[in-house]
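Since chain A is already given, all that's left is putting chain B on it; use the hints.
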Amino acid sequence: MKQNKKGIKGMVLHYLRAINAENIKEWKIELTYKPDFIRQFFEPFVYLFPYFLYGFALLGGRYSEHLRSITGISDMVAYTFIGYLFIGFLNTACWAMGFSLRKEQWFGTLETIFVAPVPRWVYVAGMALHSTCHQGLIMLIQAVVITTFFAIVLQMSGIFVTLVVVLLMLLGLYGLGIIVAGLTIALKQWWVVSEALSTLIVVVTPIAYPLAVLPVVLRRASMFLPTTYGIIGVRHLLLGEELVVSLPTIFLRLTLILIVWLTFGMIVFLIMDRYGRRKGSLSIY
Amino acid sequence: MWVIIEEVRKSFKILLAYPAEVVFWIISPLLWVIPLVFQGKALVGAFSSTAFGNLAGTDEFIPYVLIGAIISTYMFSAVWSMGNSFRDETYYGTLEHILSAPVRPVFILVGKGLYNSILSTSFVIVQLLICVLIFGLEITVIKILPIFLFLVLLIIGLYGIGFMAAALTLMIKEAHGLLHMFEYILFLFSPIRYPVEVNPITKTISVFIPLTYALIALRGLLLNIEFNFWKNSIILLGIDCAVVPLGLIVFHYVEKRTKSKGTLSEY
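Just so you know, the sequences run in chain order A and B.
For the first sequence, the numbering used here gives the first residue as 7, with consecutive numbering after it.
For the second sequence, the numbering used here gives the first residue as 16, with consecutive numbering after it.
This is chain A alone, in the form it adopts within the complex (with noise of 0.2 Å):
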């Protein structure tokens, strides 16, 4: 029995220490193209400020009476930048993790990697480790700034909260990654599945707008999202904004949606895994 505990606990540690590995792999893959390293801290706030740009066409201003009737919060920049923020964590999922098994293919150790003495959900664990990290230092600096710039309060009472929402929502994500990174396997064009998919996404979560504006449709869709909780939650949490949905709620079906994702992105992957090796089609490009 204690022979058995220590295996496990070895086994474990094993799987970590690779996690680890993957982690620092990428930082230093990222490192080498400094260029390209440094544009990324930048470009979140190009990909934000399109949004405040046409808000302001739009209120001819900051402040918006309609958004305020139906949310409570009438300043559009601190409505939108909330939303745009933790939005940041699907490209986590679609690009970083999806795009982690092209990569390898690309730079042809995706066969070598296959083979290391690991279950292959170990490599996407540890970009989902390296992602979350980068992305984190990233979403941090765009926060000081633009809170900074902008001047936007944001109740801090409720931060504590708020980390166990985005935690939450953050390993809902990592279902949806696992299940992009698969289908990169028998599909190739894993962008496409991930362009698609974050599209779709941002679409339906209520990032720049309530999910009141949506149609019926989306709306029913939006609620299979960890992102609609995600951001709907924190939201509320920072900002104040009125919930169509009480705290609670979003506990519990950000927890069921997490566990449902991660487990169909699972089963996917491992699915997706035979079938790549069944074909052969591992080294087809």
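Honestly, the hints are just simulated from the structure, not real lab data.
Note that the coordinates shown come from a computational prediction; the quantities given were computed from them, not determined experimentally.
You may find that some hints are simply not true.
[What the hints assert, rightly or not] Away from chain B, derived, C-beta distances all over 12 Å, residues of chain A:
#: 1; residue: Gly-13
#: 2; residue: His-20
#: 3; residue: Pro-125
#: 4; residue: Pro-254
#: 5; residue: Arg-284
[Stated by the list, open to error] Below 25 Å or equal to it, Euclidean Cα-Cα: the simulated DSS-like pairs (lysine-lysine) are:
#: 6; chain 1: B; residue 1: Lys-246; chain 2: B; residue 2: Lys-218
#: 7; chain 1: A; residue 1: Lys-109; chain 2: A; residue 2: Lys-31
#: 8; chain 1: B; residue 1: Lys-25; chain 2: A; residue 2: Lys-109
#: 9; chain 1: B; residue 1: Lys-274; chain 2: A; residue 2: Lys-40
#: 10; chain 1: A; residue 1: Lys-285; chain 2: B; residue 2: Lys-218
#: 11; chain 1: B; residue 1: Lys-276; chain 2: A; residue 2: Lys-40
#: 12; chain 1: A; residue 1: Lys-34; chain 2: A; residue 2: Lys-109
#: 13; chain 1: B; residue 1: Lys-28; chain 2: A; residue 2: Lys-109
#: 14; chain 1: A; residue 1: Lys-109; chain 2: A; residue 2: Lys-285
Here a beta-carbon is modelled for each residue, glycine too, at the ideal position from N, C-alpha and C.
Only chain B this time, still in chain A's reference frame:
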């Protein structure tokens, strides 16, 4: 000429191996408009805004952003596809082969540009048809010729930029991030989603971007907004005359430099 035709043929063959990409590029610019429609509805509670009208010349923001999204297909194609065209050859392992072929590399580059122009124009035509059939956009026959004129002027200028983007990739290899950045800067400072007059900085920088003049003209033609036909076409022509030779010179110089430094095959 045969080199250019063969390059176009080869690129289409590769594209057709991934049919999902074709569908994606037709639909995605239209999908990108949807969040803007919902954002507009949330902010103003309607599909028109007086404040927007004061800047853009039309109160209705949906057709405004729709046209911006469709025409931005050219921008993505010029910067992204052209920029990555030689990087893709590196990944396929064919870059050294095509650049050591007994033809001038600039013809291969022009072939890639022509392929991207044909492809983007096909996408734009399908997108416009979708807008006409589903969103009720009206295009009168008499306007087709001036629309075509401005599209050609835009394509030429953007592919001049595309040639430079291709050179950049040959030089610094992992340039997709920088290309993305460049693409988003064009996106931020051109009137794709909003009138650039909303901010003095966007207004100033937009003056140097060919997309600005093309969008003013095309929106003017499609949405009946007043604009100066000759001024916009002459400026676009001037930009084309400057950017295309510059793009070719930059590409020629970089291609020679990578060959002499022996960095062509590096990742």
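Going back to the hint list, which numbers does this structure go against? Of the numbered hints, just 10 does not hold.
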